[in-house]
Every structure is written in C-alpha cells, then in structure tokens.
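Novice: With the hints as extra help, turn the sequences into a complete structure.
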Amino acid sequence: MERIPILKLGPFLLVSIQVDMHDQMALALQEELTGRIVTDSARGVLIDISSLDIVDSFIGRMLSNIAGMARVLDAETVVVGMQPSVAITLVELGLSLPGIRTALNIDRGMALLNASRPVEE
Amino acid sequence: MLGRLAQLIDQNEDQLLSGWIENLSRTLGSRKGLLGDSAIRVSCHDFIVALRQGLSKDAVGDLQDPAWSTMRDLLMNLSRQRAMQGFTPTETAMFVFSFKAVLFNTLRQQIRDDSSALSDEILTASELLDRLGLFTTQVYQETRESVILRQQQEMLELSTPVVELWSGILALPLIGTLDSARTQIVMQNLLEAIVSRSADLAIIDITGVPTVDTLVAQHLLKTVAAARLMGADCIISGIRPQIAQTIIHLGVDLGSVLTKSNLADAFRLALKKKSLAVTSV
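Here the protein sequences come in this chain order: A and B.
Residues 1 to 121 (the working numbering) are what the first sequence spells out, left to right.
Residues 1 to 281 (the working numbering) are what the second sequence spells out, left to right.
Check before you lean on any hint, since a few could be wrong.
Restricting the straight-line Cα-Cα distance to at most 35 Å, the calculated cross-link-like pairs of lysine-lysine (DSBU-like) are [to be verified]: (1) B:260 x B:274; (2) B:260 x B:272; (3) B:260 x B:273; (4) B:273 x B:222; (5) A:8 x B:57; (6) B:222 x B:260; (7) B:260 x A:8; (8) B:272 x B:222; (9) B:273 x A:8.
What the hints contain is simulated information worked out from the structure, not anything from laboratory work.
Specialist: And the structure:
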C-alpha cells in the first residue's frame with residue numbers, strides 16, 4: 001500500500017501529503033505519525049498540504065484528530081500551505097479546525113514552531 | 001389562403017414599401033434622424049423580402065421554422081441595434097406594427113368583393129405581424145438583460161480590490177451590501193491574494209457595508225475562518241456603532257475575531273503583531 005513518508009527535521013516531524021488521500025491511507029498515517037512522535041520524541045509536526053486540491057470531511061476530521069493526538073503527546077501541529085479552494089471547502093463543510101495552528105508555507109510554519117518551543121523549555 | 005397573402009405582397013411591393021416608410025417616418029418623428037432615410041428604406045425592403053420568403057412555405061404559425069430564419073436574423077439585428085441606440089421597446093416594436101396599416105389597406109383594395117376572404121386574410125396577417133412584433137420586443141428585452149448582467153459582473157469585479165498596506169499586510173475595503181455571491185468572490189480574491197503576496201495579516205474593512213445582518217456576519221466569519229486555515233490572521237475594522245449594536249442584538253458571536261472600530265487602529269495592531277512600529281523622525 002502507498003505510504004506517506006514522515007521525515008525527521010531536527011526536533012520536528014515533516015509530513016508532506018503529495019497524493020490524494022483515501023481513508024485507509026489517512027488512518028495509516030495517523031497510526032504511524034503518533035508512533036513516530038513517541039519514538040523520535042518530536043516537539044512539533046508540520047503537515048504540508050500544498051499539493052492537496054480536494055478534501056472531504058473525513059480528511060478534515062483526520063487533520064483535527066492528528067492535531068489532538070499530537071497535543072496529548074506534547075507536540076504541536078502546524079498545517080501549512082492550504083490552497084484557497086481547500087480552505088473554502090473546509091469552511092463550507094463547517095470544519096474550521098479550531099485546535100490547529102496554520103501557516104502559509106513551510107518556512108513560516110517552522111518559524112511558528114521555533115517561536116513557541118523556547119517557552120516550553 | 002396563405003399563398004394569396006404572399007401573392008398580394010409580391011404584386012404590390014412598391015406601394016407597400018413607400019406607404020410603410022411614410023407611416024414609419026410619421027411614428028418615429030424626431031427620432032428618425034438617428035436612423036437615416038436610407039437605413040430605414042433598406043431595413044423595410046429587407047423585411048418585405050424576408051416576409052415573402054417566410055410566407056412561401058406553409059409555416060405561418062411557426063417562427064422557428066427554417067423558412068423564417070432570414071426574418072429572425074433581420075429582426076434580431078434590428079432589435080439589438082435599436083436597444084443599443086436607446087430606442088424604447090415600443091418604438092422598436094412599432095417598426096413591425098406600423099406595417100399593419102399599410103398591409104391592411106392594400107388587402108382592402110385588392111379583395112374588395114369578398115368580405116369573408118378579406119377578414120380571413122386580415123386575421124392571418126395580423127396574427128403573423130403580432131408574432132413578429134412580439135419577437136422584436138423579446139429580443140430587445142434579452143439584449144437589455146445581457147447589458148444588465150454584464151454591468152453586474154463588472155460591478156462585482158470592481159468592488160472587491162485587495163490592497164497591500166505593508167509587506168505581509170493586506171487590506172480588503174468592502175463597499176456595498178454583501179450577499180452570498182459577492183462574499184464568495186471576496187473570499188476567493190482575499191485568499192488568492194494571501195497566497196500570491198504571502199501575507200499573514202488581512203484587514204477586512206466594513207466601513208462601506210451599510211447593514212450587517214446574521215447572514216452577512218456569517219459570511220464574514222467564514223472568510224475569517226478560511227483565511228485562518230491558510231495561516232493568515234484577520235482583523236475586522238470599520239465597525240460603526242449601529243452595526244456593533246445590531247451584531248449584539250442579533251446574538252452573533254464574533255468572539256474569536258479581532259475587531260477594531262477603524263482602519264487606522266487595525267493597521268496599528270497589524271504592525272504591532274509583526275513587531276513593527278511607526279515613529280516620527
């Protein structure tokens with residue numbers, strides 16, 4: 001089965017979603033990511049969805065869930081690079097993802113995580 | 001019976017044409033100058049030719065028949081032209097209706113002996129010309145509607161500019177009532193500008209929005225939520241006292257959204273968020 005790679009970047013994990021995700025893949029990602037947060041003791045997760053053109057409510061909820069799980073494991077989640085059409089769709093679906101932090105691109109997302117990390121240490 | 005009408009028109013073409021032009025000149029009055037004598041003559045002549053062509057087949061009741069295609073094209077062009085030139089729909093339809101009097105006169109002269117045949121012919125001709133007249137009005141209406149539609153679209157495009165106040169700070173001055181269609185465009189424009197200018201702050205200024213009801217408030221909240229999903233913060237500014245009262249009376253919760261009463265305050269807040277300051281030198 002296709003897998004979404006999880007890259008370790010210093011104290012953070014980078015997940016770049018490049019393909020249209022189906023539900024099974026999303027669940028597998030959830031599983032693997034939570035595992036990696038613990039084994040790598042990551043402090044932050046960057047999810048890059050800039051190549052994602054289509055989302056449904058399931059993917060929206062999954063992003064929310066991942067953020068929630070990561071928070072329980074003491075890692076902060078930043079979703080970066082959301083396309084305008086995706087943002088509009090999620091809002092129209094009623095999913096404004098209140099618990100998730102967002103940034104325009106990976107650079108800004110990384111800056112956001114770096115900025116919030118020293119406070120915790 | 002139908003053949004007879006065509007025959008009569010054929011035989012008396014010159015008489016019909018001159019009578020009609022005279023009639024038309026009278027009804028048009030001072031507006032005649034707008035069209036010009038030769039143009040009127042040409043369109044009248046074309047009309048009679050097209051009428052004959054239409055009558056040559058037994059399809060008098062159906063304007064969609066191919067036999068009437070010349071007539072349809074002619075009237076469509078004529079109607080469109082007149083609509084653009086500023087003629088009223090009455091004046092446009094009068095082009096066809098003014099032919100009636102002349103045609104009936106001719107019919108009366110030619111079919112003098114048989115009154116039932118005469119009334120039959122008049123009825124047929126009248127029905128036909130009524131239909132043609134209504135067709136011009138319909139085309140006129142469609143032309144006007146297309147003009148209105150285009151203007152509406154132009155207004156939509158004009159009314160939603162996104163301006164950059166500072167690098168990374170966008171402003172969206174909204175003017176006029178917000179409905180669903182406009183909000184959609186506003187939202188799209190703003191989000192696209194956020195990406196293209198890589199801005200992380202957007203100020204939505206609603207000074208020019210006359211009223212805010214629950215629907216408008218909901219639209220604004222949606223826009224703010226969508227911008228946040230893309231990683232940009234929004235500040236809503238230009239909230240007038242009445243609007244503040246309305247929002248609270250309606251029970252709209254703007255809790256999580258930053259609001260300022262004017263654009264200057266919003267800009268100051270935006271600069272502060274980016275750790276910038278304006279000082280006097």
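Novice: Measure nothing beyond the straight line between the CA atoms of residue 222 (chain B) and residue 260 (chain B); if it is 35 Å or shorter, mark the hint as holding.
Specialist: This hinted pair holds, its Cα atoms lying about 18 Å apart.
Novice: So if I understand the rule, the pair passes when the alpha-carbon distance is 35 Å or less; does residue 260 (chain B) with residue 8 (chain A) pass?
Specialist: Since the Cα atoms of residue 260 (chain B) and residue 8 (chain A) sit roughly 41 Å apart, the hinted pair is violated (cutoff 35 Å).
Novice: Would the hint linking residue 8 (chain A) and residue 57 (chain B) be met if the CA-CA limit is 35 Å?
Specialist: violated, 82 Å
Novice: With a cut-off of 35 Å on the C-alpha distance, tell me whether residue 260 (chain B) and residue 272 (chain B) pass.
Specialist: Holds, because 14 Å separates the two Cα atoms, which is no more than 35 Å.
Novice: When you check the alpha-carbon spacing of residue 272 (chain B) and residue 222 (chain B), does it fall within 35 Å?
Specialist: holds, 25 Å
Novice: Can the restraint linking residue 260 (chain B) and residue 273 (chain B) be considered satisfied, given a maximum Cα separation of 35 Å?
Specialist: holds, 14 Å
Novice: Does the structure keep residue 273 (chain B) and residue 222 (chain B) at a Cα separation of 35 Å or less?
Specialist: Cα-Cα ~22 Å, so holds.
Novice: Does residue 274 (chain B) lie within 35 Å of residue 260 (chain B) when you go C-alpha to C-alpha?
Specialist: holds, 17 Å
Novice: Assess, step by step, whether the Cα of residue 273 (chain B) is no farther than 35 Å from the Cα of residue 8 (chain A), and give holds or violated.
Specialist: holds, 30 Å
In terms of the numbered hints stated before, the structure departs from hints 5, 7, listed from lowest to highest.
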